[in-house]
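Residue numbers (my numbering), protein chains in the order written: chain A, 1 to 478; chain B, 1001 to 1101.
In short, the hints are calculated from the structure, not lab data.
Some clues are possibly wrong.
Stated by the list, open to error - For each label pair, taking beta carbons as the anchor points, the in silico distance ranges come out as: (1) A:Ile-444 to B:Glu-1021: 36 to 44 Å; (2) A:Lys-443 to B:Asn-1054: 18 to 26 Å; (3) A:Val-35 to B:Asp-1078: 45 to 53 Å.
Remember, predicted model here, so these are calculated numbers, not experimental data.
Just so it is clear, CB atoms sit at the ideal spot from N, CA and C, and this is done for glycine as well.
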Amino acid sequence: MACVNPVPKLYRSVIDDVIEGVRDLFAEEGIEEQVLKDLKQLWETKVLQSKATEDFFRNSIHSPLFTLQLPHSLHQTLQSSTASLVIPAGRTLSSFTTAELGTSNSSANFTFPGYPIHVPAGVTLQTASGHLYKVNVPIMVTQSSGRANILQHPIQQVFQQLGQPSMIQTSVPRLNPCSLQTTTEKSQRIETVLEQPTILHSGPVDRKHLENATSDILVPPGNEHKMMSEALLSQQESSQYINLAGVTFPLQVSQTNSNVEPVLSVSASMTQNLHGGPLSTGPQGALHQHMTDIQLHVLKNRMYGCDSVKQPRNVEDSSSLPVSEKDSKSQMDLNIQVTDDDINEIIQIDGTGDTSSNEEIGSTRDGDENEFLGIIDAGDLKVLEEEADSISNEDSTANSSDNEDPRVDIVEEDPLNSGDDVSEQDVPDLFDTDNVIVCQYDKIHRSKNKWKFYLKDGVMCFGGRDYVFAKAIGDAEW
Amino acid sequence: MAYQLYRNTTLGNSLQESLDELIQSQQITPQLALQVLLQFDKAINSALAQRVRNRVNFRGSLNTYRFCDNVWTFVLNDVEFREVTELIKVDKVKIVACDGK
Chain A
1 MACVNPVPKL YRSVIDDVIE GVRDLFAEEG IEEQVLKDLK QLWETKVLQS
51 KATEDFFRNS IHSPLFTLQL PHSLHQTLQS STASLVIPAG RTLSSFTTAE
101 LGTSNSSANF TFPGYPIHVP AGVTLQTASG HLYKVNVPIM VTQSSGRANI
151 LQHPIQQVFQ QLGQPSMIQT SVPRLNPCSL QTTTEKSQRI ETVLEQPTIL
201 HSGPVDRKHL ENATSDILVP PGNEHKMMSE ALLSQQESSQ YINLAGVTFP
251 LQVSQTNSNV EPVLSVSASM TQNLHGGPLS TGPQGALHQH MTDIQLHVLK
301 NRMYGCDSVK QPRNVEDSSS LPVSEKDSKS QMDLNIQVTD DDINEIIQID
351 GTGDTSSNEE IGSTRDGDEN EFLGIIDAGD LKVLEEEADS ISNEDSTANS
401 SDNEDPRVDI VEEDPLNSGD DVSEQDVPDL FDTDNVIVCQ YDKIHRSKNK
451 WKFYLKDGVM CFGGRDYVFA KAIGDAEW
Chain B
1001 MAYQLYRNTT LGNSLQESLD ELIQSQQITP QLALQVLLQF DKAINSALAQ
1051 RVRNRVNFRG SLNTYRFCDN VWTFVLNDVE FREVTELIKV DKVKIVACDG
1101 K
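All chains, full assembly: derive it from the sequences and hints.
So, in C-alpha cells, the structure goes:
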C-alpha cells in the first residue's frame, strides 16, 4: 500500500503544538481565546489553500462519496459496459458492478477510488452533500490534486442539477463534506475549471443552476480567469520590459528589494518610451533623476558589484542624456559612436578629447533626439552593455583600439570578451526559484568538482507541494 | 535557540501572514507575534527532528555554491529526488542549509 503522505499530519501537529504553546502567552497578554482560535483558523486555512499539502484535508475526512443513481434503462447497458464504469485497478471498488446495480434502486455508493472513472450517459451523480448531477453524455470523473472534480471529455455536455436531496430515492449516507463541497479546494478547482471551459458553455440555465449549487466547482470563470490571466499578463509585461531593455535589467527586476524594483520598473518603462518615440526634455530630467536613484539604491544594496554599476550607465546611454558623471563619459562617447552611423569621428577617450566630443554629441543629440533614440534598439543596447562591460574590465588598451573603427572593433571585441562575461543574469535570477529546500547539513564534502551532501531535517517545496525528510544524501557535479 | 530557518516554508510563511493580519487588525501586538514565531521555531525544529523518519536521495548538477556565516546555499539543476515511494524531478532547486551540529 502506498505510504501515507506524512506532511499533513506533521503540519497539523506542529500547528497544534504551537497553538498550545502560545496559549499561555496569549492569556498573559490578556488576549481573548477567540483571537487564538482566529489565528489557528487563519493559519490552517492558508496552509490548506496552498498546494503544499494536497492531502491535508483528506486525511481528516473520509474520502468523498458518490452515489450513482442509475436509471433502469441503463441497466442493460451497464451490464455490457461494466468496464467503462470502473477502471480496473485491482481495487475492491471493482465490486461496483452491475450485479449490485441489479436492484430496483439501481444505485450504488462508492468511494472515489482515486483514478478516473468513466461514467456513461444517463447516470445521476450525487455527492455526499446531496447535490445531484445528471449526466447526459459520458463523462470522466477524475480526481485531480487529491480531490474529486468533474471533468468532461466530450465537448457537448450538459449537467443538470436535479433539485434537492430530498428527491433522492435512496438514502445517502452523509459524510463529512466531500471534496466537491470544500471551499478550500477553490484554487485547485479553478485550475480544473479553466482547463475545461466547455462545462460552462453548456447553457445559461444549466449554468445558473450549477453556479448556484456548485460555487465551489464552477467559480465564475470570467473573474477567476481574468485574475489568473492578469497575473500572467503582469508577469509577461514585466518580462517585456526586460526584453526591451535587453540588458541587465532582468537581473535587477527580480531583486527582492522593494526599493529597487519600482524604480527600476519606472526606468524600464522609460526605456520603452525611448524605443517607442519622442521623449521630451521633461521626462528626461526625471529619467536622469531616476537613474541616480537607481544608482543609489543599487549601490546601497551592494548587490552584484559591477552589474549594479553598469546598469544605470546603460540606461543613461540609452536615454542619451548628457552624463554628469565623468567616469562614464568615455563609455557613452563610444556607445554613441556605435549607434550613430553618421558620425565617424575618432574618439579620444582620454585627454581633452572627451569633453569636446561630449558637447558635440550632446548638441547633436538635443536636435536629433528622436532619430537618435529611434536608432537604439535591444541589439544596440546589448552592444552598449557589452562595450561598457569590456571597458570596465579592461584598461584603455581596448579603448585605444577603438579609435580607428569603433564599429568593427566593437564587433570584434564581443566575441573576444564574451568569454569574460559570465552571464550576469545568473546571480539574481538564479536564487529566485520556487523549488526550495530548507534544512540542516551534517556534512558537505567536495572532491575536485564532485560534491556530496549529507543533509537532515529538511522541508522541501517543489512547485508548491511540500515534502519533508529526516535525512537526505545527494551528489552533484559542479 | 532553535533555528529560524524554517520560517520561510509554507507553514512558516502562512503563520507569519496570519500573524500579520492579526497585527493589522490590532488583535495582537507585534511582540506577541514574535513570541509566537519563536514558539513555532521550537515546534518545527523538534517536530522535524523527532517525527520525521524518511530518507531522500538526490542527484543533480551543481550550479552555484555559497558558504557564508556557516550557512550553505546551493543551486542545483536537473535534480532527481528519490524516495522509496516516489521520484521527483525538478530543473532547478535552491538548498539552504544551516549547521546541523
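Hint check results:
In this structure the supplied range 36 to 44 Å holds for A:Ile-444 paired with B:Glu-1021, their Cβ-Cβ distance being about 38 Å. For the pair A:Lys-443 and B:Asn-1054, the beta carbons lie near 19 Å from each other, so the given range of 18 to 26 Å is met. Hint check: A:Val-35 to B:Asp-1078, Cβ distance near 47 Å, so the stated range 45 to 53 Å holds.
Hint compliance for this structure: no hint is broken.
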